[in-house]
Amino acid sequence: MDELIMLLNELKNSDDKYLQNCGKNIEECIANFENGSIPEPLCRSYLQDIRDLIELDRLRYKIKNLALAQKIIDYISIMISNGIANFIKKI
Amino acid sequence: MKVNSSLLYLIILLITLVGCTTSLISRYDPETHRNLAYLKPDIKNIYHMYTTTNINYEYLCKINMVFRYILSYERSKGNNNLPTIKQIEIIQKMFNRHIKERLSQGRWTIQYANIKLNNILTAIDVAIQSELSKNKQR
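Keeping their order, the protein sequence lines are chains A and B. Quick note: the first sequence uses this note's numbering, first residue 1, plus one each step. Quick note: the second sequence uses this note's numbering, first residue 1, plus one each step.
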């Protein structure tokens, strides 16, 4: 439980607003469950949704970074081929 | 000199081929963007339906078919599209979990349906944003 509280604090203090919201929502859900406002199945289902949303965000970052890396590879390939083409012209 | 030129052409050809095959991630696809965006109004209708006692099973089947179509379309793009495939699988699982929950627990309150709707729409939006962050076709 201590580890969960630590993780939630880390989430809430994250630079990412999306993750901050997820942290707040998890905390709210657990608090509502503790004071009896929502039954366990609803709390579980809500937490499963948040887990999926965090996983989706992780994949979004992955796609964004891979797209950036791909762009750099494309530019380097063009640069290399243009450089060699110029070299041939000089010959 | 002729031999040298041929060799250089061969090197260019090789670099071009390597450049073409080194694809870390699929490119932006307007079809994927459209498929995901078109899903949203149907999802909204279904979640509003969950607040009533009537469940239109035909409609649920139709949406499941749409998910299956989207997934098979994404899978056809190959391995460099795996993160997008994974995202759509997660959304489909979330949608199916919500159906199961609604069928086993009965009618949802408007407030609860709105929370669940917000979650699944956020999930679709994240997938759309991910698609938009991909590089456009050269």
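Hints were generated in silico from the structure; no laboratory data involved. Among the clues, some could well be false.
[What the hints assert, rightly or not] Pairs of lysine to aspartate or glutamate residues, derived as EDC-like cross-links and limited to a Cα-Cα distance of at most 16 Å, are as follows:
| hint | chain 1 | residue 1 | chain 2 | residue 2 |
| --- | --- | --- | --- | --- |
| 1 | B | Lys93 | A | Glu34 |
| 2 | A | Lys64 | B | Glu101 |
| 3 | B | Lys86 | A | Asp57 |
| 4 | B | Lys136 | A | Asp74 |
| 5 | A | Lys12 | A | Glu34 |
Exercise. Quick one, are Lys86/B and Asp57/A close enough, alpha carbons at most 16 Å?
Worked result: 12 Å, holds
Exercise. Does Glu34/A lie within 16 Å of Lys12/A when you go C-alpha to C-alpha?
Worked result: Status violated; Cα separation ~20 Å.
For this session: Starting from Lys136/B, check that the Cα of Asp74/A is at most 16 Å away, please.
Result: 12 Å, holds
Exercise. Does Glu34/A lie within 16 Å of Lys93/B when you go C-alpha to C-alpha?
Worked result: 27 Å, violated
For this session: Would you mind confirming whether the straight-line C-alpha gap from Lys64/A to Glu101/B stays at or under 16 Å?
Result: Between Lys64/A and Glu101/B the Cα gap is close to 33 Å, so the pair fails against 16 Å, i.e. violated.
In terms of the numbered hints stated before, the structure departs from hints 1, 2 and 5, listed from lowest to highest.
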